[in-house]
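Q: As a plain string of letters, each chain reads:
Protein chains: 2
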Amino acid sequence: MKKANKKVNAAIIIIGNEILSGRTQDVNVVSISNWLNELGVKLEEVRVIPDMENSIIRTINDVRKKFMYVFTTGGIGPTHDDITSRSVAKAFNLSYGYHKQAYEILEKYYRPENFNEGRKKMAMLPDKALLIFNPSSGAPGFIVENVYCLPGVPSILKSMLGGLNNKIKGGKKILSKTISLITVESEIASSLEKVQKEFKDVEIGSYPFFRQGKIGVSIVIRSTEEALISDCYKNIENFIKKKKINQIEI
Amino acid sequence: MKKANKKVNAAIIIIGNEILSGRTQDVNVVSISNWLNELGVKLEEVRVIPDMENSIIRTINDVRKKFMYVFTTGGIGPTHDDITSRSVAKAFNLSYGYHKQAYEILEKYYRPENFNEGRKKMAMLPDKALLIFNPSSGAPGFIVENVYCLPGVPSILKSMLGGLNNKIKGGKKILSKTISLITVESEIASSLEKVQKEFKDVEIGSYPFFRQGKIGVSIVIRSTEEALISDCYKNIENFIKKKKINQIEI
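Line by line, the protein sequences give chains Z and P.
The first sequence: position 72 = 72 (this note's numbering), numbered continuously.
The second sequence: position 132 = 132 (this note's numbering), numbered continuously.
Calculated directly from the structure, the hints in this document are not laboratory data.
Hints are not guaranteed to be accurate.
Identical chains blur together in the list; that is why a pair holds if it fits in one copy or across any two.
What the hints assert, rightly or not - Taking lysine to aspartate or glutamate and the EDC-like style, the derived pairs with C-alpha atoms no more than 16 Å apart in a straight line are:
1. K242 - E53
2. K167 - E226
3. K66 - E145
4. K243 - D127
5. K120 - E187
6. K173 - E226
7. K194 - E117
8. K243 - E226
9. K108 - E249
10. K100 - E249
11. K200 - E53
12. K128 - E145
13. K194 - E237
14. K243 - E187
15. K242 - E113
16. K242 - E187
Sequences are here, hints too, so could you generate the full structure?
A: This is the structure in structure tokens:
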């Protein structure tokens, strides 16, 4: 069984019809998850929901009670389908309107003749939201309690994560070690299960791969404890040697 | 506001620590969603959850009541972390054990000396599950009521979708039209909002892009009605011409 790092966990809510319709491949989960790993925060759930106020309100109010940190992506731009800020305000029963600091940032960012209604809309936020600095394109993200609202455009989102490092109180960093083998899962299943039973506090995953014409299995060991990973790795190495299975770098 | 095609909808549950950890980029949502679009089924939610029995049971029992079709991906292989079949059985209060038909399929697929415990485990399913044929690698998927359980390996999953076509009763096919413009969202936001208000039964999405050194916006119009898309498109074309915004093929 896999044991969750319950202490510091997070969920992502992806707000976007374009992901649900299959038009756009999400890549933000990988970016946020890798960043959270570094901070010692375990991503435990992702939800992808449509750009609909009811869905957003319901999902935010469900998820924010279950996880320490919640990150939303998408829906904070200037168009009619960008309704995250308004929906978050409603989820928290906060008023929604021009946010002084966000307005000033955008006012400085754009020339006066270009600071149109759409751009002004990006300064409309839940009352008393804290801002997340956007080094790429001006319009800030924002924080209400444990909910962190980020844009959907991957490059802009990535540029904003670093600025949040000091706002996230992570736990121990989640470490991992991968062993890739030229074998099939069924050949190692019972041995691997024995190791998992012995190392209950380590998460052992088994993932088949097909790459460069080769079929194999990657075993991933995850834990916050370096020593546990090392011991677990030795146990896996033992049965691999006995079974004469070859390792491969992928 | 966007109107959902409430009649025939679906959700996906991605079961996989490797997606949550950021190690693996999910690509199955795009495959399933595009296939559902063709069948006239609207994907309305995705959840990514860990390989933990409690999470799987809770999520399946929550989601299967809300959506007409539920697809799970991952966790039906031979290793200790493959617990989807057992968890689905528990979610539906069904017994879990060797499934005669699945056992026979796997028995034929492998040579007797290779039909080991791990491979036999893939024949352990909820009682009375219907099988989903796997043309790639033998081990079948399965169906319990409105829950369709598929593997996580993208190529195998894709090869199994076609065989489900006659099991899914879709609605009208969801059509879409995309217009890509050399502009920024804030330039078109208010005009686009007016069109959306006029065409309430059409879903209009606005998505910025940065490609080949060009900044632009793709407007996506979605509806089951060709005529509505066409009328909506003309309205958008009108304001584009007035604003002298150029279209681009991307």
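Q: Each hint: holds or not?
A: Outcome of the hint check:
{"no.": "1", "hint": "K242 - E53", "verdict": "neither (57 Å within a copy, 32 Å between copies)"}
{"no.": "2", "hint": "K167 - E226", "verdict": "neither (26 Å within a copy, 48 Å between copies)"}
{"no.": "3", "hint": "K66 - E145", "verdict": "within (13 Å within a copy, 29 Å between copies)"}
{"no.": "4", "hint": "K243 - D127", "verdict": "neither (62 Å within a copy, 35 Å between copies)"}
{"no.": "5", "hint": "K120 - E187", "verdict": "between (60 Å within a copy, 12 Å between copies)"}
{"no.": "6", "hint": "K173 - E226", "verdict": "within (10 Å within a copy, 52 Å between copies)"}
{"no.": "7", "hint": "K194 - E117", "verdict": "between (62 Å within a copy, 14 Å between copies)"}
{"no.": "8", "hint": "K243 - E226", "verdict": "neither (26 Å within a copy, 60 Å between copies)"}
{"no.": "9", "hint": "K108 - E249", "verdict": "neither (50 Å within a copy, 33 Å between copies)"}
{"no.": "10", "hint": "K100 - E249", "verdict": "neither (53 Å within a copy, 39 Å between copies)"}
{"no.": "11", "hint": "K200 - E53", "verdict": "between (42 Å within a copy, 15 Å between copies)"}
{"no.": "12", "hint": "K128 - E145", "verdict": "within (10 Å within a copy, 47 Å between copies)"}
{"no.": "13", "hint": "K194 - E237", "verdict": "within (13 Å within a copy, 64 Å between copies)"}
{"no.": "14", "hint": "K243 - E187", "verdict": "within (9 Å within a copy, 64 Å between copies)"}
{"no.": "15", "hint": "K242 - E113", "verdict": "neither (73 Å within a copy, 19 Å between copies)"}
{"no.": "16", "hint": "K242 - E187", "verdict": "within (12 Å within a copy, 66 Å between copies)"}
Checked against the numbered hints above, the structure breaks hints 1, 2, 4, 8, 9, 10 and 15 and satisfies the rest.
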